[in-house]
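Novice: So you can see what is in the structure, the chains are spelled out below.
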Amino acid sequence: MVYSLPEEVLEHVFSFITLDKDRNAVSLVCKSWYEIERWCRRRIFVGNCYAVSPSIMTRRFPEVRSVELKGKPHFADFNLVPEGWGGFACPWISEMSRAYPWLEEIRLKRMVVTDESLELISTSFKNFKVLVLSSCEGFSTDGLAAIAANCRNLRKLDLRESEVMDLSGHWLSHFPNTCTSLESLNIACLGSEVSFSALERLVGRSPNLKILRLNRAVPLEKLSTLLCRAPQLVELGTGAYSSGIRSDVYSSLSKAFLGCKELKGLSGFWDVDPSYLLAFYSVCSRLTSLNLSYATIRSPDITKVISQCPNLQRLWVLDHVEDSGLNAVALSCKDLRELRVFPSDPYIADANVTLTEQGLVSVSEGCPKLQSVLYFCRQMSNSALITIARNRPNLICFRLCVIEPRAPDYLTLEPLDVGFGAIVEHCKELRRLSLSGLLTDRVFEYIGRHAKRLEMLSIAFAGNSDLGLHHVLSGCDGLRKLEIRDCPFGDKALLANVAKLETMRSLWMSSCAVSYGACKFLSQKMPMLNVEVIDENGSLDSRFDSCPVEKLYIYRTVAGPRSDMPGYIRTIDRDRVNTIS
Amino acid sequence: MSPPLLGVEGDGQGTVSLLNSASSMESIFQKSPGLTERNYLGLSDCSSVDSSAVSSISEVKRNNLNLKATELRLGLPGSQSPERDPEVNLATSESLDEKPLFPLLPSKDGICSASQKIVVSGNKRGFSDTIDGYSETKGFSEGNWMFGSSGTDSDASKSLVQGKFASNANVNGMISSGAQPASIKDATSKMAPEQAHATYGTSLNKVNSSNPPAAKAQVVGWPPVRSFRKNILATNSKNNDEVDGKPGPGALFVKVSMDGAPYLRKVDLRSYTTYQELSLALEKMFSCFTIGQCGSQGAPGRESLSESKLRDLLHGSEYVLTYEDKDGDWMLVGDVPWDMFIGSCKRLKIMKGSDAIGLAPRAMEKSKNRN
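The listed protein sequences correspond, in order, to chains X and A.
So that you can map any letter, position 172 of the first sequence is 172 in my numbering, and since no number is skipped, the others follow by simple counting.
Plus 1000 on top of the position in the second sequence (first one is 1) and you've got my numbering.
Excised from the complex, chain A in its bound form (with noise of 0.2 angstroms):
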């Protein structure tokens, strides 16, 4: 893995910094209107900062990329060289900032899982998740591989371009979704984050050349060693190993179930460093089982759906992530330092709420107060 970028890997030390930048951010974007007039969408004016996620903007990013991906997809793989495109990368990462659908109990950080607060938070995650992306991406690079390489594992397990064709369905129900006030309109007052972000994207990015080795080195299924091999390497070295601010080699995959989805998945622990990373990765991959279950229509009716859906989910909170420890107890997923929790989750299960109610019965009250 590579070293740390600005202090962007690593565990809570690295949030806490990109949440301050965050805010900085918010600041930079308050004090210039002016940025206001790069207007991508074409609308008008809005100044509210603290409503509607981010992903609005990263959706108009990625449509602009959207298509460059789809014509590098449908040509002959092998003909894009496994550099990665950073600016597709932002986006990348930007897309994963969609609304938890799995609410997380409240933990340092101090992001909860009201829908309202989410949203807020969810600001703010942007950044850090936008950063945090950077890790992420580098931790398995089907962001990288133009071509459609899918894997079974982590966040990207769609392809770069089917990934973002799914989740443009979310961003657009969640857009239009009566969930916030906030309109279109607002799409707009995530200019100016998108500018300063752009400008630390290519701060990024110059950082990121600078590790060209480095960032190539995450392909699904490549090197091809065994998983078994690579989990009992990674505990090995995370037992041997000095302490040297890298995250931990190799991968830790773990099963993931869904209650009603026709089969599990694999994410790969060790691609993240927070647990909102993790929650969003997994919202996107099983988002297709959630929309999946409205409906296989056309495109159009897809949209819809899921906007409707997607806002049930919000507000029921109805999915809560659980995992199972090293002493087979199920337990809900954000008690623990990320590192603890890395080092005992054995698997994770995706349970309606009503299900976990017993797991922890003041968090599950919690939630249902915030509807």
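One chain only, chain X, in its complex shape (with noise of 0.2 angstroms):
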């Protein structure tokens, strides 16, 4: 006889078990554990809004309390994803209201949301508290009105680099006065002014209040007065930083800051003005994060703060902090995880920063527990790439931008194919990489077999041939999102390699040679993908098997081709793959 545990009993041991991965494996050992952890299944990710429809999740999990969602690709977020493209949150918000009356948390990547959306879910869930708007589009003020208004219980409102459309700073005076319940809100990304007052107001009634960032239109001389009112702040991103000389709000602010026992983290700091710098000294040495990516300031005025955060975990920064900046870190800050290097002037070919690989060099040398890089600069060598990974194997996130599409190793004027294949022979743990600069197939070779771990990887203006797509889909066991542009790949590598595909949750190629008849191929071959191929001028109805698409978005699907698709969006047909519709 079969013995088997009391439901109850079952389900308290699944709720210790929180990682998505963990509960899928628990679904599938047998049909009574699939039902019970269906039942209590809390939390649900997404990490493709069209992987999957709202229905067949609600089905499935019917008592829900947190789902996030991303829709666009990655590439988006660089103009390669067209306008129109989709990431539509409406239909997945419709289906929650009516399913889950006792939702609290939806958080949102790269979507599309509406007005009446957001005023759909400010009435529709009675416990709702975050809701997280992470580079979405599609809303105006009057949406986060409606939010302020009915959310009783609201905790957090975060619109991480949303573009919002901005009608008024009135809405925020629509937060009632009964709400006290606020421990999160992120405005950074608005454009025009709030109303201080009420800003001033609802901050004051919110004990638990532990993030603000506010938006560049916040005077600095206004900061003080929001410090005060909210001195256990753990984390306060800025508005504008600069303000004229004035020693009172220099005296004011250096006080606020000084009654703040709690913040660890800073950022904002828009238009900085240097000798206010000093006035948030008070806290340095307990910051573990640090954004100063959109302070224009110079290198000696970065190092002054730099050198006074032992403590920091997380430093984002323009490429002004230059090579010295980077060599106080690495004496500094030995608890550094995070580095961000963003660069100051893009489209410059040589700019006025003496940013080097150097900086890289002295971080990963003086920083031990360095995991996660994102560094962009305009030279680069296979040596330093070298030291970098002999330095520091317990790299997670590499990502590398050298400016200049295909520039070489500016010392030898070889491909930084070796230096990248150092990178993923010692860096085990490698979980995301971007390449750039001069690359054959070679790197691909070496990503191929060492990067076992490797999750996500961007490749752009690289490689000679298919052979380096090829070492890629074959030898990368782990490997779930890839976004390709301007590479010469074409057919073979993806025809020689189409079960790799659904084992990913995508694949982006724009600008690569992937032929029309290719796509028509994979799409019969494999129902389980969608094969959508974008191409903006309009022609698709008269494409030859032998023309390159322009951009190719493949990815597994349980719900079939979208049908939410502007025209110069098409999925490949399977059924009807010889007809033009």
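Please keep in mind that the hints were generated in silico from the structure rather than gathered at the bench.
Being a predicted model, the structure only gives us computed values, none of them experimental.
Which chain X residues face chain A? A few, computed with CB under 8 angstroms, are given here:
| # | residue |
| --- | --- |
| 1 | F75 |
| 2 | L80 |
| 3 | G84 |
| 4 | Y294 |
| 5 | F342 |
| 6 | P343 |
| 7 | S344 |
| 8 | P346 |
| 9 | F376 |
| 10 | I403 |
| 11 | A460 |
Beta carbons are placed, not taken as given, at the ideal position from N, Cα and C, and that holds for glycine.
Grab the two chains, each in its own frame, and use the hints to assemble them into the complex.
Specialist: Right, here's the structure in full:
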């Protein structure tokens, strides 16, 4: 006789299992475990909103409290995905409003959200707590007003880097006086002024407010007022950080910062006036996260600040930091886990900053816990990359952007194959890699051979032939997301690795050499894939099989071809591959 | 961005000097009729200078170059070096000189929107646009990348080749449309300008070749910096940097919508320096909608349809370009100096002329009177 534990016990055990991977494994054990698990799953993450339909989700998991969805491909961040592509949140929100009255959290990334949807959210879920809209668009401050007005227990409203139609700043006043539950508010992306008095009152009556990220329109003079109202803040994003030279502003600001004993993270710093940087010196020793990537201040000022922050774990900065600043980081910030260096002037060939590969090498030497790197620079060498790889085998995320496409090793003029090869060879836990510079098929051979844990790979202007792509598809066992632009990869590698595509979340290829015929073939062979061809010049109907496609997006799905595409995108319909519709 | 070439980039000042050089080109033609012998189209002479657009000759040149570009495009991407082919870019820039679908308000340099007058000013603009085309193509090297990388923003959102195919149709339409009294013969009148242009082009090439790194810089979506960040940094630098004569760094992407079009596009305002550039770029970008509305038959049908459609557009001034400013008001494009415009423009919209009536009654009346 099979003895099985009572349902309640199993449910209790399952409640300790939080990772989706593990939950999925649990559900595969047997039918009863599947049933129990599906009734007690509370969080859902859908990495590609077109991989599954809303109704499939609600049918299987009836008691969900938190949903996270991602829409557009990553390259949409860089304007490679045309407008109108898709990623509409509306069908999801409608379905969830019907099926999940107790939903508490919605997190959307790169999706199109309308004011109607926001209104629906605000009225459908009585216990709604968390709304995160990351790089979303399609809504205005009217939608935000609805959220503010109707969500009685709102804890988190985070609009990070979304494009919001700024109709007025008064939406903030819609938070009722009874709303005291706010814990996190991020309005940094909003262009226009919010009503400051409403903001001040809101902050004043939110004792649990831990994260506050202001937008640029909040002037520096008002910052101290807010800080005095919320000395319990853990993360602060300032507004504009300059104000003319006014000693009263300065002194009240530093006093206010003194009062913030819990402050661990700082960001914002639009329009920085360096003379005000000293105002937050009192918090520097506690800082674990510092984002100066919008601050166009020069290296000496940056260095001064950084040297005061021995506990820094995350640093985002512009290339104004220069090699000298990064040397200071290497000396002072021994706890650093994540470094991002953004270009201040990406379109100039010779910038006025002395940021070279040396800066990154220093940090890799001096910061033993460094795991995540995003680095824009103008020169790189194989020897530097090899040094970095040897110094930091614990790297998990390595994204290097040498600004000039196909730039070789500036010392030897060779491709950077060997350098990146060293990275994948030494950093065995590498999960995310972005390549740049001059690269041949060889680098892909290294990647295929060594990067077994790699989950996301971004390739641009690299490779010589299909062999490169074949190495990646056949070698990288853990690959989930692959995005490629402007590489000479054609049909052969894709067609030789069709099965691989079903094990991945998605593949993006633009300005490569994949033919329309290959797409049709792929679509016929692989019913679980949507093969979407994007052609903005509107001649999808008259494509010959030998024509290269402009942009290609392939993803696995159980929801079949989608129906919300604009005219310049076509899912290759496997049943009617020979018909021009 | 590269430093100004021959005072090309920048704002109004550049435009004025170009107009002067443009008129001097035409005078060169009149003084040396011998130049008409080089007749690419094999047609007879015509000495009229002020009719039809330069685009006819640009079409010829484009035809010559189209094949080349086509070949390259079907070849493996990456086999082509990122070096710009200056010749091809000349063609690109010339192809931009099409009649505007959205006549602008009369601006300082006197280019107004009467269809006949457009023709004349189109001539002059041909040169300025050719030269401005350099700054444009530097602004976004969709023109540089032969292997069909197309982006959603800026004027060359179509790839070099495909954009040409579409605009070829336009040009054919315009040449044979009744809007201009001149016939194909007039193509020859463009020779001298073309010749002089070629010289101009060569000298530009020389200047250009001294700045190859800067010229290579602009590719769609590269370096991979998010628009949000780019826009912020652009505004930052504008506030902080001293004036050094070069165009604003970074990009300023705004959305462009069009009544009746199924989806939006995005353009980078910083890649243009004048209203004409922007207008032409938008024409190109949205012409596929207007032509598309005529039907999607094969090429020959397309051309004839586009002729009449374009004619209607030109005569009817059917579409007007408007923008939403920082205060949320919708204004007609062309009112304020260019720099002020890009500083305050949040999004663009191509409206039907009839919808835009409320925006500036006088301007609408003017365009109606023209017809």
